[in-house]
Every structure is written in structure tokens, then in C-alpha cells.
Amino acid sequence: CILIATNYSSSFSLESAIKYFIVSSLASGFIIYGIFWIYAITKGTSFIGFKTFCLYNSNNTNLIISLKLPILLMVLGFLIKLGSFPFSIWTPDVYEGSPVFVVFYFIVGLKTVFIFIFTRILFFVFSEFHFYWHWFLIVAAAGSFLFGSFGAYSQKNLKRFFAYTSLNQLGFILLGLSSYSFELAVSSTLFFLVTYVINNIMFFSIFLCFYNSNSYRPITLLADLKGLSYFYPWQAIGLTIALFSFIGLPP
Numbered sequence: 001c002i003l004i005a006t007n008y009s010s011s012f013s014l015e016s017a018i019k020y021f022i023v024s025s026l027a028s029g030f031i032i033y034g035i036f037w038i039y040a041i042t043k044g045t046s047f048i049g050f051k052t053f054c055l056y057n058s059n060n061t062n063l064i065i066s067l068k069l070p071i072l073l074m075v076l077g078f079l080i081k082l083g084s085f086p087f088s089i090w091t092p093d094v095y096e097g098s099p100v101f102v103v104f105y106f107i108v109g110l111k112t113v114f115i116f117i118f119t120r121i122l123f124f125v126f127s128e129f130h131f132y133w134h135w136f137l138i139v140a141a142a143g144s145f146l147f148g149s150f151g152a153y154s155q156k157n158l159k160r161f162f163a164y165t166s167l168n169q170l171g172f173i174l175l176g177l178s179s180y181s182f183e184l185a186v187s188s189t190l191f192f193l194v195t196y197v198i199n200n201i202m203f204f205s206i207f208l209c210f211y212n213s214n215s216y217r218p219i220t221l222l223a224d225l226k227g228l229s230y231f232y233p234w235q236a237i238g239l240t241i242a243l244f245s246f247i248g249l250p251p
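For the sequence shown, the residue numbers in the numbering used here are 1 to 251.
Just so you know, these hints were derived from the structure itself, not from any lab. Be a bit skeptical, because a hint or two may be false.
[Unchecked claim] With a cut-off of at most 30 angstroms between alpha-carbon atoms, the simulated DSS-like pairs for lysine-lysine come out as follows:
{"id": "1", "residue 1": "Lys43", "residue 2": "Lys68"}
{"id": "2", "residue 1": "Lys226", "residue 2": "Lys159"}
{"id": "3", "residue 1": "Lys68", "residue 2": "Lys51"}
{"id": "4", "residue 1": "Lys159", "residue 2": "Lys68"}
{"id": "5", "residue 1": "Lys51", "residue 2": "Lys156"}
{"id": "6", "residue 1": "Lys156", "residue 2": "Lys226"}
[As the list claims (entries may be wrong)] Have a look at the derived ranges for each label pair, beta carbon to beta carbon:
{"id": "7", "residue 1": "Ile117", "residue 2": "Lys68", "range": "17 to 23 angstroms"}
{"id": "8", "residue 1": "Leu208", "residue 2": "Leu63", "range": "23 to 29 angstroms"}
{"id": "9", "residue 1": "Tyr180", "residue 2": "Thr52", "range": "49 to 55 angstroms"}
{"id": "10", "residue 1": "Asp224", "residue 2": "Ser66", "range": "23 to 29 angstroms"}
{"id": "11", "residue 1": "Glu15", "residue 2": "Ile41", "range": "18 to 24 angstroms"}
{"id": "12", "residue 1": "Ser66", "residue 2": "Ser154", "range": "40 to 46 angstroms"}
We put the CB at the ideal spot given by N, CA and C, even for glycine.
Build the full structure now, drawing on both the sequences and the hints.
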């Protein structure tokens, strides 16, 4: 929230910080409530202790079923943190009101860390409940595909455009995590994350060179990219490669 509100003189920036604070607090509430519920049932918070508890009580159907809801609450909280469908309404507004370096931090740094944590919890802790939470991921992935693609198509602001494209990319990651195979899910997610981070670093490193630059007009809208290849051909080629990679075209 502090990073979003760096431009404290802008009411739009402060509004974005408040939106992020409210949504993030809601997501944290779901996660903490799920952890508390699991603690109340298992009398522990250790990952190994939880798996051991499930192993020893695998024949107790009622006890295992009672763990479904807190696990789904934690999954729901992480999906809100990641800004996946249908909890992505706030993302474009927050990105638009944030400085460019904060948008870069959200897209590349924060989201990548959350995905690693989410993957570890799903497959190293809640793997026995895969049948229940993988449907959450499939629905969220499908909605992220559609909402991200159609939302990005109508955008004119570059930050809002990236909010929707990052949502679309998140759909691919969630689809990989929904796989029944642990090896396939982790390997596909890791491969996609590496290309995702490289593409975003390429695009934002070039984009930040022109943002508020005196040598070229400020780039805030997609229309501002018009004519860039005439003055900076190499930078334009880099941006084109990154954008092609975002939509899945080779290489």
C-alpha cells in the first residue's frame, strides 16, 4: 500500500492504495481463518504434522471432510491475492494508479513469489485434497483466460492493458497447477514462470527507459507506442518480441 501511494499528491493513487489494502486484507482474512480452522482440528500448524495427521486419520471420513472448507478458504485467499478471476476487478484500477516501478514489482516480483508459495502449499501440504481444490483452479483459469483477453482488447491505457494481460498469463499458470500430476504441474508452471519473468523484464526495462523521459514523449497509452520504431528501432523490436511472447507466438 505504501508503494502504491508513493505519489501521495494524487487522489487516484491514494484510492488505488485503499482498494489494494481492502482486498489484500480480505484475502489475508480468508487465509488466516483457514489456518486457524485447521489448527482447531489438527492441533498444529506444521506442514509435516498436517500430512501426518491426515495419514493417521485417513479412515475417519468425517474428520477429513471437515478439513475441506478451511483448505478451500485458504485457496480462495491465495486466488484473491493473485488477482485471479473473479477477484480481478480491482487489479486494473490499482495498476493504473500506481507508479510504473510498482506495477513492475507487482507483475514480476510479488506475483511470482505468491505463485511459488501457492504451489508449495497445494502440492506439499494439501496434495491429498487435490480433487476438491483443483476445480477451483480450473474455473479460475478459464475465467482468467476470457476476462483477461477480452478486457485487454478494449484498453487504451498501458498499465490497465498490462493488468489484463497479466491476468491472462495467470490463467495459464493456474491451468498448469490444476494438473493431477505433481511433476507435470510443477515443471510446466516453473517453465512458464521463467518465460513470464523474462518477457516482463524485457518489456518493462525498455518501457521504463521512455517513461517520463525528456528524449521521447511519455508513454502512458498504447497509442504512444506509435512511431517508436522510427526513432528507436532496436527498442521497438524488443517490445515487439515481448508482446508476441505474451500472446503465445513463437519464439
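A quick look at each hint next to the structure:
Between Lys43 and Lys68, the direct Cα distance comes to roughly 16 angstroms. Compliance with the 30 angstroms bound is thereby established for this hinted pair. Distance restraint check for Lys226 and Lys159: the Cα-Cα separation of roughly 16 angstroms lies within the 30 angstroms cut-off, and the hinted pair is therefore satisfied. As the CA atoms of Lys68 and Lys51 are separated by approximately 14 angstroms, the hinted pair is consistent with the 30 angstroms bound. As the CA atoms of Lys159 and Lys68 are separated by approximately 37 angstroms, the hinted pair breaks the 30 angstroms bound.
Of the supplied pair hints, the one linking Lys51 and Lys156 is violated, its CA atoms being roughly 48 angstroms apart against a limit of 30 angstroms. Under the criterion of a C-alpha separation no larger than 30 angstroms, the hint pairing Lys156 with Lys226 is consistent with the structure, at around 13 angstroms. Checked against the given bound of 17 to 23 angstroms, the beta carbons of Ile117 and Lys68, roughly 21 angstroms apart, stay inside it. At about 53 angstroms, the CB distance of Leu208 to Leu63 disagrees with the hint of 23 to 29 angstroms.
Separation of Tyr180 from Thr52 is about 23 angstroms and departs from the stated range, judged on CB atoms against 49 to 55 angstroms. In this structure the hint that Asp224 and Ser66 lie 23 to 29 angstroms apart at CB is violated, the actual value being about 55 angstroms. Between Glu15 and Ile41 the Cβ separation comes to about 40 angstroms, which falls outside the hinted range of 18 to 24 angstroms. Against the hinted window of 40 to 46 angstroms, the Cβ-Cβ separation of Ser66 and Ser154 comes to about 44 angstroms, which satisfies the hint.
Comparing the model with each earlier hint shows violations of hints 4, 5, 8, 9, 10 and 11; every other hint is respected.
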